[in-house]
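Hey, can you work out the whole structure from these sequences and the hints?
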Amino acid sequence: MIPYSRQELNRDDIDAVLAVLESDFLTQGSVVPAFEAGLADYVGASHGVAVNSATSALHLACLVLGVGAGDRVWTSPVSFVASANCAFYCDATVDFVDIDPATGNMDPGALASKLREADGQGLLPKVIIPVHYAGQPCDMSAIAALAKEYGVRLIEDASHALGASCQGELVGGGCYSDITVFSFHPVKMITTGEGGALVTNDQTLADRARLLRSHGITRDPAFVEHLDQEPWRYAQLELGFNYRMTDVEAALGISQLRRLDQFLSSRRRHANAYLEAFSDGPVTTLQQRPDIESSWHLMSVQVQPDIRGELFRRLRADGIGVNVHYMPIYWQPYYRRLGFSTGYCPGAEQFYHRGISLPLYTQLTEDERQRVVSLVIHHAESLMGHNARSGD
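In terms of my numbering, the sequence shown opens at residue 1 and continues consecutively.
Think of the hints as simulated: they come from the structure by calculation, not from any bench. The reader is advised that the hints may include incorrect statements.
Said to hold, decoys possible - Derived CB-CB ranges, DEER-like: (1) L275 <-> R219: 38 to 44 Å; (2) G343 <-> Q363: 40 to 46 Å; (3) R219 <-> Q363: 31 to 37 Å; (4) S23 <-> E310: 50 to 56 Å; (5) T284 <-> E117: 27 to 33 Å.
Unchecked claim - Lysine to any residue pairs mimicking SDA-like chemistry, simulated, CA-CA at most 25 Å apart: (6) K148 <-> D100; (7) K126 <-> G168; (8) K126 <-> S46; (9) K148 <-> D291; (10) K148 <-> L63; (11) K126 <-> A110; (12) K126 <-> Q332; (13) K148 <-> G173; (14) K126 <-> D202; (15) K126 <-> G193; (16) K148 <-> D71; (17) K148 <-> L239; (18) K126 <-> A142; (19) K126 <-> D178; (20) K126 <-> D291; (21) K126 <-> L239.
Everything numeric in this text was worked out from a predicted model, so none of it was measured. Each residue gets a CB set at the ideal place from its N, CA and C atoms; glycine is no exception.
See the structure below:
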């Protein structure tokens, strides 16, 4: 089976992890801060806060921006459920802004309309979370301008987009948003096994995120009474969580970060070959804005909705590990029980019915990629021809 994605590990990664396993600190040592500093430096942010998952990072990002009961958070319906669930973790409510089916990203026009309507009703969101689908950054210039106009905070969900850039600025540098979140799951740009991080240029936000990721506990002398006499003391300032990343994971992250540019180059080479192969025919690729450079987390393509299901089954039977990213979040049973229904975001639903994700990862070989292309085109043309004959 050629999977849709997978991690790449080498001897340096293994040795980095072994060095921590043989050290005195498996967690809460010096390696996590080193990884945070390296990540922040790479993307051009002032502060990095590493945690045990991007889900945790999204939760902390909402909390430090003051999201709470009675607040509203808006995000994209075309994402993993964590992009929306984080609002509920804060006792807030969530709503969805439709996407542009040509890109899979939040549509600034749909956002503008929704903000105007919400403003008139006194129901503006506190936070908007654009999702950089498949690694291509959203139109953050337009989204940020709208957020500023209506006084809304921004969290970029860049779980797919470490290393992506827009107009020469790397995602995470903080040009447009308060906080950016990254994922280090094995299928992402780099991996720590599991793990995530938030980056920001606001020290107050970073400091509070660090506090909340570790039970809300501090040993800062400014908050701990009689520390000079009782040095074992600590103070719990808030109700926090155990969202810490281990030093073992961070060591892998540091090693992987050194090869990030190499990983990106490999993904872009494969993606460009896919784009050329599908430039004319039954399969279409997502529009790529000329002023952006995607990190290419996913090779997401679009086919006719009446052939997508059978095409998926045939490719799986041929050993091609295709996938679908994503069914609209609000179609999940949990969200349907909240009152969301079919037709809520037409662009997202159109996108879902046509979408399929093809194998794309750094160790994908040229022969494997060509096999994927050949089988996709063969099966798509066959199915479309069959459907056309059936309609005669």
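Status of each hint after checking the structure:
1. L275 <-> R219: 38 to 44 Å: violated (52 Å)
2. G343 <-> Q363: 40 to 46 Å: holds (41 Å)
3. R219 <-> Q363: 31 to 37 Å: violated (43 Å)
4. S23 <-> E310: 50 to 56 Å: At roughly 53 Å between Cβ atoms, E310 and S23 fall inside 50 to 56 Å, so the hint holds.
5. T284 <-> E117: 27 to 33 Å: holds (32 Å)
6. K148 <-> D100: holds (22 Å)
7. K126 <-> G168: Violated, at about 29 Å.
8. K126 <-> S46: holds (24 Å)
9. K148 <-> D291: Distance of about 22 Å is within 25 Å: holds.
10. K148 <-> L63: With a Cα-Cα distance of about 20 Å, the restraint between K148 and L63 holds, given a limit of 25 Å.
11. K126 <-> A110: Measuring from Cα to Cα gives roughly 17 Å; hence the hint holds.
12. K126 <-> Q332: Given pair K126, Q332 holds - Cα atoms ~24 Å apart, limit 25 Å.
13. K148 <-> G173: holds (18 Å)
14. K126 <-> D202: Distance ~18 Å between K126 and D202 Cα, so the pair holds.
15. K126 <-> G193: violated (32 Å)
16. K148 <-> D71: holds (18 Å)
17. K148 <-> L239: violated (31 Å)
18. K126 <-> A142: The given pair, whose Cα atoms are some 18 Å apart, holds under the 25 Å limit.
19. K126 <-> D178: holds (12 Å)
20. K126 <-> D291: With a Cα-Cα distance of about 29 Å, the restraint between K126 and D291 is violated, given a limit of 25 Å.
21. K126 <-> L239: Roughly 22 Å between the alpha carbons, so the hint for K126 and L239 holds.
The structure fails to meet hints 1, 3, 7, 15, 17 and 20 from the earlier list, while all remaining hints are met.
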